[in-house]
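Read left to right, the sequence shown gives residues 5 to 389 (my numbering).
Simulated from the structure, these hints should not be mistaken for lab results. Computed from a predicted model, the values in this text were never measured in an experiment. Keep in mind that the hints are not guaranteed to be accurate.
Claimed, not checked - DEER-style ranges, computed between Cβ atoms:
#	residue 1	residue 2	range
1	Glu374	Thr202	43 to 49 Å
2	Arg257	Gly125	20 to 26 Å
3	Ala240	Gly59	53 to 59 Å
4	Gln50	Ser207	19 to 25 Å
Yeah, the Cβ is synthetic: ideal placement off N, Cα and C, and Gly gets one too.
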Amino acid sequence: MKTLSLIYKLSASVLVAVSLLLMMQSAAHADRIKDLASVAAARTNQLVGYGIVVGLQGTGDGAQVGFTVQTIRSMLVKMGVGIDGPLSDFERAAAAAGRFDVQNAAAVMVTAELPPMAKPGQRIDINVGTLGKASSLRGGTLILTSLRGVDGEVYALAQGQVNTTGIDANAAGSRVAIGVPTSARIPNGATVERMVDTPFDKSEMVVINVREQDFTTTRAIVDAINRNFGDGIAMALDGVSISVRAPMDMSQRVAFLSMIENLDVVPGEAPARVVVNSRTGTVVISRNVKVTAAAVSHGTISVAIAATNEVSQPNAFTQAQAVPVQNANIAVNEPNKPMFLFQAGVDLRQVVDAINQVGASPSALIAILEALKSSGSLRAELVVI
């Protein structure tokens, strides 16, 4: 009996240790719901506006850009500065006589992203980009600009010193350009003036959207919510959206969603995918990429042709003339690249090692991956950007 009791205790200890190990492994691969999904009502909105940047060091649009001159004229009229003559006469006079120097001003487009649930008085960052012939915004100041949403309403007002890191200098036929001086940014450059209506405080159900469409991840989130707060609290609408029954009291609703977004969930594994950037030669291969049995041989044939121009001189006692002769030397070089064999079900590491053994360049790697996909051996989605 003592022996059986000892065996039982050892078995129980082993079972507890295994359970703890499995829990630690699961926790190590778990992610918070807030890192996998977001509340549908908490979305950003795009804002755009048209404005003028002044105070430039002769790098503005110039009098030839009509809409810049027109904007400055309208702005001065609103400020009580009288300008005689119709607009066309004014523009002609500005261009011909330099009556209105706009070399130090530039027309710009101002864009911003309004954060979810932003309140009036909060500050947001803005981006500024030139529209006309301005070569640099360095040292300029953005004049008060209205930022509108897609509905045409003003949601923010922008103004401030532009911050650009680009440099464009030229002299004596030489030019040096670093970065993009015609694009700038103003941190906290706009003030929110209007709230965006949201159903967050009106709807009985709160919809949560998974950032990457995945049925496994969606099911895991639903199970985690129902396991912690009761069956029927969460329900999957599709592979992306989850409907959650939340309290109507706003303080309780915020606390409830705070608890939900901090729950740990083991998401589904990412799909097998190979992303290729053909411009830079960058190749990113996900962990689940596999290749069926295939033999690959890759090599390039280079042909070099060298031409030599010579002159054939006739004998001294003949009446013939010198004749130009062109000789060509052709050399064909085909490197001896070994063929490598992929066994069925090889993983990412074996694919990379095999391709590196033959010394394939990034462009050659792209060609090999495209050929494997065309042959049906690459068990992954091939994305070319």
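Those earlier numbered hints the structure runs against, lowest number first: Per hint list: zero violations.
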